[in-house]
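K.L.:
Next come the chains, spelled out residue by residue.
Number of protein chains: 4
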Amino acid sequence: MKDVVLRLLEERGVKVTDIAQIVAELCGPDDVPLEECVRSVETVIGKREAQHAILTGIALDVLAERNGLPEPLNAIVRRDEPLYGVDEILALGITNLYGSVGLTSFGYLDKRKLGIIGKLNSHRSGQVHTFLDDLVAGIAAAAAARVAHQRAGVGPSGPDRQAASG
Amino acid sequence: MKDVVLRLLEERGVKVTDIAQIVAELCGPDDVPLEECVRSVETVIGKREAQHAILTGIALDVLAERNGLPEPLNAIVRRDEPLYGVDEILALGITNLYGSVGLTSFGYLDKRKLGIIGKLNSHRSGQVHTFLDDLVAGIAAAAAARVAHQRAGVGPSGPDRQAASG
Amino acid sequence: MKDVVLRLLEERGVKVTDIAQIVAELCGPDDVPLEECVRSVETVIGKREAQHAILTGIALDVLAERNGLPEPLNAIVRRDEPLYGVDEILALGITNLYGSVGLTSFGYLDKRKLGIIGKLNSHRSGQVHTFLDDLVAGIAAAAAARVAHQRAGVGPSGPDRQAASG
Amino acid sequence: MKDVVLRLLEERGVKVTDIAQIVAELCGPDDVPLEECVRSVETVIGKREAQHAILTGIALDVLAERNGLPEPLNAIVRRDEPLYGVDEILALGITNLYGSVGLTSFGYLDKRKLGIIGKLNSHRSGQVHTFLDDLVAGIAAAAAARVAHQRAGVGPSGPDRQAASG
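In order, the protein sequence lines correspond to chains V, C, S and G. According to the working numbering, the residues represented by the first sequence are 470 to 635, in order. According to the working numbering, the residues represented by the second sequence are 470 to 635, in order. According to the working numbering, the residues represented by the third sequence are 470 to 635, in order. According to the working numbering, the residues represented by the fourth sequence are 470 to 635, in order.
Rather than coming from a laboratory, the hints here were simulated on the basis of the structure. Each hint should be verified, as a subset may be incorrect.
Because identical chains cannot be distinguished in the list, a pair is counted as satisfied if it fits within a single copy or across any two copies.
In silico SDA-like links for lysine to any residue, alpha-carbon gap of 25 Å or less [what the hints assert, rightly or not]:
no., residue 1, residue 2
1, K580, C496
2, K580, G497
3, K580, R535
4, K580, L503
5, K484, K588
Extracted from the complex, chain V is given alone in its bound form:
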């Protein structure tokens, strides 16, 4: 299923490296190589719960684009209503998989709209990305939290050993 999700993201304009660049920026002062960020993004997208959230959110975006949702939902999703809330909830389901430390980054990204998130949010060309911009923020925040956890647990008896097998 991971391949289906990666293809779908690409069809909607999002490449793994786009997300990895945001992760690198979030990790900032730690100067994490892009390849490590790419691996972290791929691990997050490999989680079943993340895949389900991504499939569901993009399906809702595409349906709204084609006016395929019942009203008043279609209008709410099309205009990315600030009080809708379901988009944030789905994205947080992903971020939570790496603990609460990612929640801060998620909120920050959602406000600052770094990189590809800003592009998705610009509402050009009639496309609807109400869910996708939040999903990308959620994936990036999770991947950055994962990098932080891994880097903190470098010692031979540290908790990363268990995390690595879990």
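We have chain V; now place chains C, S and G onto it with these hints.
P.N.:
The following block gives chains C, S and G in isolation, referenced to the frame of chain V:
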């Protein structure tokens, strides 16, 4: 929008009193009158975030019923896959509005499938209620938490005064 | 209990108007009067679950300050370890009471440390505010979400009526 | 730190096998061997965020036992007040690490109080286990969710490969 949501719930086989009966059972030993439970359910459904979750979840159920979602999502929702997870996430968005004490009831309902939840979950007649059974559990858990909070704060200077205006 | 909580916040250096100023800044372009922000902060602090989170978080801060927690917890809380996570979890319990739209503001505040949050976070004078800075961000984010919900539901039959009684 | 946490749990009356027995019961019809449940519990306890929640919750239990928390918090924790809520929030921080599917089991355990959870909750001998019973339910629910995810992804290219390395 509350009227739209109430009508939609009824079309899908769920009346406010069905949910209120579950609330009364959850409140159990406190012996809360059904009318109080009805009022609490209506207050929960009056919240904008609850309405958005209900509209979104039922739209996904109906689309899956008509094979209107892209694969593999359509199959996952149709067969109510235990590891899907998005249905629980949407429902918890409702329960959380009344704090963490409702989470216990939500989990309990999801396992025990009291009242209308059991009927929705029986997968009769080709209908898909993957989201609706969880949404009903989420609403009932929130309404029961609200009753508990209100009953605890009976004093004239208690926190219920603030809650009542918030 | 609300009075106890307000006094405790003040003893730790946080006044309601400090938090209200952050709320006003979050609401930004909507130009919400400070008095409305003050009322919203007071409503949030009037909620029982918010009070419990505040009492617990400040107790942990004060205990860490006096080296009254068992190790290794005392050291983790004293140095406000970025991967601790429990401080964010407690604060989110407050923000969640007003739905998922507040989560974005919470994350933003946690990174940008506006107003009093920055002061608390500066670790001057030996005080420990590991929980308090997050709690203030959580209260401010919840209060801003509440203002947004109230302003969106201005019509006579809008969802604010139900919200007002719930 | 994992060793510190395991020792602390044992001092408070909880062995890994006690939790694993609850996991086996949750997995019920799948008939999961106890050793697999033990491994899953150990993996959950190996996660840093789980360790932080456990250290914090048990510290609060022990402090309340010795009347070492400020009032009114000490009384609230001592009598395990149903509307306290912070105990559930900490426990859910653990369960969330394995996605939303564990939330149902958590709520169920919190109501049914299987095995060691029931013993902790019986308030014998003056001990306070306000946090510990919820923490054990949270660990068991997470470990059961982990088993379910692992068993679902048995195929060579399934998502478990990524999960295993993440």
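K.L.:
Please work out whether the CA atoms of K484 and K588 approach to 25 Å or closer within one copy, between two copies, in both situations, or in neither?
P.N.:
within (13 Å within a copy, 39 Å between copies)
K.L.:
Regarding K580 and R535, is the shortest C-alpha distance of 25 Å or less found within a copy, between copies, in both, or in neither?
P.N.:
Result: close neither inside a copy nor across copies, 27 Å intra and 37 Å inter.
K.L.:
Is it within a copy, between copies, both, or neither that the alpha carbon of K580 lies no farther than 25 Å from that of C496?
P.N.:
For K580 and C496, both the intra-copy (17 Å) and inter-copy (13 Å) Cα distances are at most 25 Å.
K.L.:
Can you give me the call for K580 and L503, within, between, both or neither, at a CA distance of at most 25 Å?
P.N.:
both (23 Å within a copy, 22 Å between copies)
K.L.:
Within a copy, between copies, both or neither: which one fits K580 and G497 at a CA-CA cutoff of 25 Å?
P.N.:
both (17 Å within a copy, 13 Å between copies)
Hint compliance for this structure: hint 3 is the single one not met.
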